[in-house]
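Visitor: Each protein sequence line maps, in turn, to chains A and B.
Each residue of the first sequence is one higher than the one before, starting from 1 at the first, in my numbering.
Each residue of the second sequence is one higher than the one before, starting from 1 at the first, in my numbering.
Derived by calculation from the structure, the hints in this document are not laboratory data.
Take these hints with a grain of salt, some might be off.
Any copy will do: because identical chains look the same in the list, a pair fits if it lies in one copy or spans two.
[What the hints assert, rightly or not] Below, computed lysine-lysine pairings styled on DSSO-like, alpha-carbon distance capped at 27 Å:
{"hint": "1", "residue 1": "Lys178", "residue 2": "Lys393"}
{"hint": "2", "residue 1": "Lys669", "residue 2": "Lys632"}
{"hint": "3", "residue 1": "Lys478", "residue 2": "Lys657"}
{"hint": "4", "residue 1": "Lys393", "residue 2": "Lys142"}
{"hint": "5", "residue 1": "Lys669", "residue 2": "Lys158"}
{"hint": "6", "residue 1": "Lys563", "residue 2": "Lys657"}
{"hint": "7", "residue 1": "Lys481", "residue 2": "Lys237"}
{"hint": "8", "residue 1": "Lys393", "residue 2": "Lys158"}
{"hint": "9", "residue 1": "Lys178", "residue 2": "Lys142"}
{"hint": "10", "residue 1": "Lys670", "residue 2": "Lys632"}
{"hint": "11", "residue 1": "Lys669", "residue 2": "Lys563"}
{"hint": "12", "residue 1": "Lys632", "residue 2": "Lys657"}
{"hint": "13", "residue 1": "Lys393", "residue 2": "Lys27"}
{"hint": "14", "residue 1": "Lys27", "residue 2": "Lys417"}
{"hint": "15", "residue 1": "Lys670", "residue 2": "Lys59"}
Number of protein chains: 2
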Amino acid sequence: MTSASFLHSLMTPQSIAIVGASNNPMKMGTMHALSILNEGFNGNFYPVHPSETSVLGYKAYASPHDLPQTPDLAVFVLPSKHLLPLFEAFGEIGTKYAIIITAGFKETGEDGIRQEEELLALARKYGIRFIGPNCMGVINQKASLNTTVVPINAKPGKLGLISQSGTYVAQTIPYLQKRGIHYSKAFSVGNEADVNLIDGLEYLGEDEETAAISMYIETIRDVPRFLDVAGKITPHKPVIAQYVGGSEAGGRAGLSHTGALAGKDYLYDGLFEQAGVIRVESVEQLYGIGVALAEQPRIRGNRIAILTNSGGPGSAIADTCERFGCQVPPFSQGLQDQIRPLIPAHAPCGNPVDLTFSMDPNLMTDILPELIMKSGEVDGLVIHGAMSTGFMKAVYPNVSQLMPDVPLSDMLEQMRKDLSETVRRPFDNGIPLVVSSFFDREDQFTRDFEDAGIPVFDAPEKAARAIAEIVNYHEIQKRPKPQPPVLPEAKPEAKKIIDEAVGSGQKALDEFAAKRLLAAYGIPVPREWVVNSLEELNAMMDSVSFPIVLKANHPEIMHKTEKGLVCLNIESAEGARRAYTALQDRAGNQVPVIIGEMIDGERELLAGIAEDEQFGYCIAFGIGGILTEALKDIVYRVAPVSEVEAGRMAEALRTRKLLESYRSMPPVKKEAIAGLISQVSRIPFIHPEIREIDINPIIISGDSPLAADALVLIKQ
Amino acid sequence: MTSASFLHSLMTPQSIAIVGASNNPMKMGTMHALSILNEGFNGNFYPVHPSETSVLGYKAYASPHDLPQTPDLAVFVLPSKHLLPLFEAFGEIGTKYAIIITAGFKETGEDGIRQEEELLALARKYGIRFIGPNCMGVINQKASLNTTVVPINAKPGKLGLISQSGTYVAQTIPYLQKRGIHYSKAFSVGNEADVNLIDGLEYLGEDEETAAISMYIETIRDVPRFLDVAGKITPHKPVIAQYVGGSEAGGRAGLSHTGALAGKDYLYDGLFEQAGVIRVESVEQLYGIGVALAEQPRIRGNRIAILTNSGGPGSAIADTCERFGCQVPPFSQGLQDQIRPLIPAHAPCGNPVDLTFSMDPNLMTDILPELIMKSGEVDGLVIHGAMSTGFMKAVYPNVSQLMPDVPLSDMLEQMRKDLSETVRRPFDNGIPLVVSSFFDREDQFTRDFEDAGIPVFDAPEKAARAIAEIVNYHEIQKRPKPQPPVLPEAKPEAKKIIDEAVGSGQKALDEFAAKRLLAAYGIPVPREWVVNSLEELNAMMDSVSFPIVLKANHPEIMHKTEKGLVCLNIESAEGARRAYTALQDRAGNQVPVIIGEMIDGERELLAGIAEDEQFGYCIAFGIGGILTEALKDIVYRVAPVSEVEAGRMAEALRTRKLLESYRSMPPVKKEAIAGLISQVSRIPFIHPEIREIDINPIIISGDSPLAADALVLIKQ
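Based on the sequences and whatever the hints tell you, model everything.
Guide: Below you can see the structure in the form of structure tokens.
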């Protein structure tokens, strides 16, 4: 059964049993039960309690075996030490779904880990799928299901949430309601003993009531599946993620929190990019950008119009839009000529349009949005300063002095304006609208906007960032359909090289063999030979073209440059002989020597692949040579990657300009770079004996990459 | 008179006249007048109105000449076309201060510019200092002065605000009140025809009621004065700035907004860093971080404790703290042993301390903060999840079902707790405290915290960022007292080189002369000679040590590398002769040739100085060589800079690792780098004929910088 189908069943129970609820309102179990009842759940409800005969007005049962029917869903909020027998009893009567709020498992250490294993074993035995333990429950707005401690009673929204923190599902509900944000469905996954983050993602990906998915992540326990599932969802539904745990203390906090093993921030960065997931930096963005993507129509380009009643916020919106990749194009003269007579003399009309302190709400909410949206000159709109009753409340202490007979309610009534056409306009025109206002839902405009799915942010920069992420999602949707990388056949030459190294117990290939291996998979390497004596060297001197390089070649010699075991730019046979002798001296004993053509090029890159405990093989690509560690301009992906994904890695470098026509150098052949990266990303899957490959530097010679040095490590 | 003293007079008038107020409450002038009256201004108040005999209950006067006394301050809110004669009339009766709300001046184009010039001329003639035009007025909470359109009536805070957008002074007042943020004083400076941003800064710097200063900036019209004024304030009072206008559209918006000429973002970045100003990216941070710095005690280090009731927010705070440079150190075993028995079993106590869903408010607000603050193990504290009545309001629909006889007010009363000790604790212990809560001022804890000057942020990441900026200000305060750079005497050799170039009408020095000029000021350059013939070259060959470089040397030849006019790595006299001939061939006619020692080093930097229209001479330092444009790792400062400031520039590079012990290379001599930068930054001040200096690359040879190539442009 797919996650989508069993989670659908779990989220739409016809009958619920709860263990841990009583008539004491200060008990957590009671709070959870009350939420279920007050949210309007209309199936059968069965409290299970050892002593009470009635709980919250419902007949209580001492044991699951006493229940009049098998409940679809069991919710557990009792202390952890009592959990297992009761859980088993539900298994015995045939309950198939459970939510385990109870904490005290994996997150608490050894005993807890063992208890969680027993729990899982029982679940497998009885075929129970469950969420938790150590979670806050779930919310399904359409089905009036709310197993958290906080009542909601609001209309369903379109934003789905999956969270490894229970707080972000439940405690934030009042916060969200004050911002007009509503879930379609929300999951607190807790310790993920059974159902995990990715199951929730898969389910919400197929859920028709969910238009965008926000995820609060402390760890991803199955990276390849996340990539697969998210990668299938993001082309048609936006996924937004906050990952916390990249820093040392953040990771420590997460570890004790849900027993999560925090991973490396840069790997998550690459994973999200690869999966088309939009990464945000705060829970506020998780909700705010999430709801903007969930509720607003898809954008068709990156041209943003700004309509403001004040220059400062207009500038801030424009500035933020451009920083995050949108255009704020000047309006055509024609459009400006239409706007000019409508707004105060000298007020800017070129985009941003600034009404200055005009209080005419028709301009701000109807006339100008209509003109701008119909112009064809922009793809999205940000409005700042649309305000009505909120502003009146603020100035009423002044106004009332002059009009003491007019009560506040009358003044507010005068400020009210029907926005029903305004709020339809983005959907009718296919032009997303986001609003910035310093007035919250006490203002009628803010309330009407939010209730119609037009997000209102309490600062101009936030509104701008939201529209920029709407544009970002448009870019994600434009990506070509991903081609799963096909693994080539093992090349006999490569297999021979690996087998020999493994046979002789080497920890690494020597450089010459490493490059032969790469060459076998089409990775360009310099012309090279190995010589074992001065005689062999002399014999070759006629067939090389100077300048050449000489390097010691031995599987146990690394960091050759630092050890003086590389001689560059040798111009003559005599020079080569001197270099050979010097290398042997420095090596201390007889070593084979590589003779290779000298590669000329000022641009140095690197590519590498290594195995991460959590992420599996990851491919790295970036700036190589001596700048590697200082720059840290390196992009990561989960391996293997297709050529298209490899090309995106190159595009993601901060210093990608280097790969273009740069100074007097030609543009680097993009397909050669992408081919190299994607080939490297496949090799350890063909030869699982390989632990790690490091190619550094890759020198750009003319317009083409050449692997100038390579290290291949073998698993022991 | 200093800004501080005349602005003090302007901000504490004993009598105010207002022009543009009437009895129509929908007129802006009336709104401004009502704010003045309702805020509790208790001096004499004189409406000036052409026809009304009474305005807002006060006797109105047809002309300033009719007033019974000379008002200290005149406030103008009338249409711009009527302004000048009335302004002059106030000048005639001796009024010395004015606030001009009226718009329609410089920001509207040519006519407006002329009108603003006339206004300024009148002000100079009559000795009037004024704020505006095109502003929103000022607020002085202590003096009950509020000339904006929005009433306040709240206790004074400690945050001073100066804004080039009127909105951020006035329209945000309800927003700020909902967040418990209060001004000491606030200025909307509008077009800055007379009083400008920097005057306001100077005034607030000396104002004892202002503990931190936030600035919203679209342009700085006098950069050297800003640097001087801010530089004197920031060692003892934090200054926070948002600059908007760095992007194209942001700049366009600003230009039409207050007639501001937007500047280059990276120059502002450098300026703020140089002045010790904390730059933020949003107006929310301007207020939130501003109030945290204004109200909380100074921090003594960067070690932060986190106390939370939920793992997710705890992780987010830890992660954000570390990203922004704080430590979140694990607590000692001793401290953990004290905390362990107080919190739920298995709950993390190592920092973050996670109470899980414990609702015991004493732990969160008293017992644990006291233990942690007294431990000596941390310098600051962030609390998430302290909540009382707000949470009860959220769950009351559930609770009331079980306790239908207990009204909400009783339940809220039970949740209330006296926080008077809690809110004193940060001040008593010298440990700043910031709070994250999803509950706003409807929660008693949030309200009590905010009212006592403990900022409450509505997301964990924001609280973490605020404490990180408190730490950042601590770092700013630790800076050594800045030494104004002393200009050295002009060196005769340098003067001769410049004079000759100017005399012969050159646009640039040739490379050899450029390096001689630099060498005259102690900047290390390679050993070099110039030869004008093969004979001269031959004569030298005995005195050079190979390898050498040859370069064409002519003031009109630039981009020599691209033109093939540089020959590197020449190993022999014969090679030098070949190179000489080749250079002459490529140059097309006879050119002098530099012979120089070949500088060996893989680290390449750049330094340069050029004049910016707005910023004056700015010094740049960063990564040079072929990576210059791709990396853009360049730091800017307003010139000249001291050695200390130059050292900070080097520290500010993203790739500063390169200057440390790096791979097998030694650490670069810091004082040599700092000396080079600061010397370059002084040269155009000694020789004002110089338009620009570019030294690229500076090659690090061993541990020392050498100016390997240099360009000096002469003003025409």
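Visitor: List, from low to high, the hint numbers that the structure doesn't satisfy.
Guide: 5, 15
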